[in-house]
Each structure stands twice: as structure tokens, then as C-alpha cells.
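Asks: Keeping their order, the protein sequence lines are chains A and B.
Be aware that the first sequence starts at 1, since it is given in our numbering, and climbs by one per residue.
Be aware that the second sequence starts at 1, since it is given in our numbering, and climbs by one per residue.
Be aware that one or more of the hints could be misleading.
What the hints assert, rightly or not - Just so you have them, the derived chain A footprint on chain B, three or more residues with Cβ under 8 Å:
no., region
1, 13-27
2, 30-41
As the list claims (entries may be wrong) - Under the rule of at most 30 Å between Cα atoms (straight-line distance), these lysine-lysine pairs were calculated in the DSSO-like manner:
no., chain 1, residue 1, chain 2, residue 2
3, A, Lys-149, A, Lys-59
4, B, Lys-2, B, Lys-14
5, B, Lys-14, A, Lys-59
6, A, Lys-118, B, Lys-14
7, B, Lys-14, A, Lys-95
8, B, Lys-44, A, Lys-118
9, A, Lys-87, A, Lys-59
10, A, Lys-118, A, Lys-87
11, A, Lys-118, B, Lys-12
As the list claims (entries may be wrong) - Quick list of simulated restraints, FRET-style, between CB atoms:
no., chain 1, residue 1, chain 2, residue 2, range
12, A, Ile-67, B, Asp-6, 45 to 51 Å
13, B, Ser-46, A, Glu-68, 21 to 27 Å
14, A, Ala-55, B, Arg-20, 50 to 56 Å
15, A, Arg-90, B, Leu-39, 57 to 63 Å
16, A, Pro-48, B, Leu-10, 48 to 54 Å
17, B, Lys-14, A, Thr-114, 23 to 29 Å
18, A, His-134, B, Arg-17, 34 to 40 Å
19, A, Glu-63, B, Arg-41, 18 to 24 Å
20, A, Leu-43, B, Leu-10, 32 to 38 Å
Hint data in this document are derived by calculation from the structure and do not stem from the laboratory.
Ideal placement from N, C-alpha and C gives every residue a C-beta, glycine not left out.
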Amino acid sequence: MVKDGVIEQYAIGGAVAAIFYIEPVNTNDLDIFFHVENPDSDLAILAPLYDYLSALGYKAQAEAIDIEGWPVQFLPIFNPLLEEAVKEAREIKFKRTKTRVLQAEHLTAIMLQTGRLKDYARIMQFAEHQAIDHARLTDILTRHSLLEKWKTFEQNYLL
Amino acid sequence: MKKYPDISPLFKGKTERRRRLAQLSFEEKIAIVNRWRNLTRTIKNSGQTETRTVSNRSK
Chain A
1 MVKDGVIEQY
11 AIGGAVAAIF
21 YIEPVNTNDL
31 DIFFHVENPD
41 SDLAILAPLY
51 DYLSALGYKA
61 QAEAIDIEGW
71 PVQFLPIFNP
81 LLEEAVKEAR
91 EIKFKRTKTR
101 VLQAEHLTAI
111 MLQTGRLKDY
121 ARIMQFAEHQ
131 AIDHARLTDI
141 LTRHSLLEKW
151 KTFEQNYLL
Chain B
1 MKKYPDISPL
11 FKGKTERRRR
21 LAQLSFEEKI
31 AIVNRWRNLT
41 RTIKNSGQTE
51 TRTVSNRSK
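Generate coordinates for the entire structure from the input sequences, incorporating the hints supplied.
Replies: Printed below as a string of C-alpha cells:
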């Protein structure tokens, strides 16, 4: 998709990205954050992507696209934290395919920002598995005005 | 005072297992998730069959 110019840059996020760093967790879908140049202001930016994938025989399934049995949700970057996270994602190999996955510290910051209970639970798993580089995380949290929220989270759940 | 068994070794074992799982390769972890997803699908489908059977019976 990148080669064909449908999306510019992408990275795996959500639970599947978390699995890269911690124990396997059950999940129903695969979240792909992607960047497009000159995005439209609405979700019309998803249209070329859906067209491209449906031409390959993949079918839309609610808000996702079924790719080889996995509902894949394509999410356009919608804030500066995600933009940085996708830009700095790490390149990994899955079987013989190169792909990109968000870094543990960006995932943590995104989960903190999103702030659902399941996000908090996952941050605790990251902490438990010592998956986070704290200096790097502090740097990200500071730049994205999340340090105060982190301190509250840390006090409530990690100390 | 009522006595209860000490199950701390079981919790310790669980923690150890989670640590081992976390150290698996990404491919191995995704394979585990795929197995869970298939299992969930099977359970869901069998539930639907059961529901259909029950609702058919009630007709």
C-alpha cells in the first residue's frame, strides 16, 4: 500500500502492537495508524484505501476491512502524538514481511491519553514486564503535555 | 480461625508463565492470539447453534 501510494507511512498500534512487548492478549482486530499527505478534513480519506483493498478482494466489515481473517481498522493520524509515534515506529519482521510497530513508550503515552480502563490495565502490564524506558517515556509525556496525567496514574496504580 | 490453603506458589507459577509468554517471538505470540480467536469463534458459533435450537424448540 505504501509502494502503491495509497498511504504514506503506517504503523501497527493497539493491542497487536502491545503484544510485541508483553504477553499475548486476546484481541479482535488489528489497528493500523497511517499518514497521508494533505489529508481531507473528514473520513473521505479512507475511500482510496477501501477502494484499493476491495480491488484486491478484501471486504469491509463494519468499521474495519477483513484481511485474511483479521478485521483491520485503518485509523488516520489525528493528533501530534500519533504523528510522532508513527514517524518513530520501529521496523520489525513478521515472518518474512517487514512491518512497523509503535514503540512501547509511544504506545504507553497513547494509552494514557486515551484513558479507558483497558488502556490503564495495559499500561500496568507494560510496567510489570518492564517494557518501558522511563527516560524516553518522560520525554514524550513532557512534549505532549501528559506528564501530570502520568503522575496521577502512577500514584493511583503503580506506586 | 478457619484455615485456607496457601496458593501463593500457584500465583508465582502464573507470573512466571506470563513472563515466559512475554519473551516469545512476535510470530509465536500472534499464533497464540490466532488460536484464541478461532476458539472464541467456535464457542460463539456453538452458542448460536444452541440458541437457534432452543428458539426452534420454543416455536
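Asks: So which of the earlier hints does this model not fit?
Replies: Hints 3, 5, 14, 15, 18 and 20 are the ones this structure does not satisfy, whereas the remaining hints hold.
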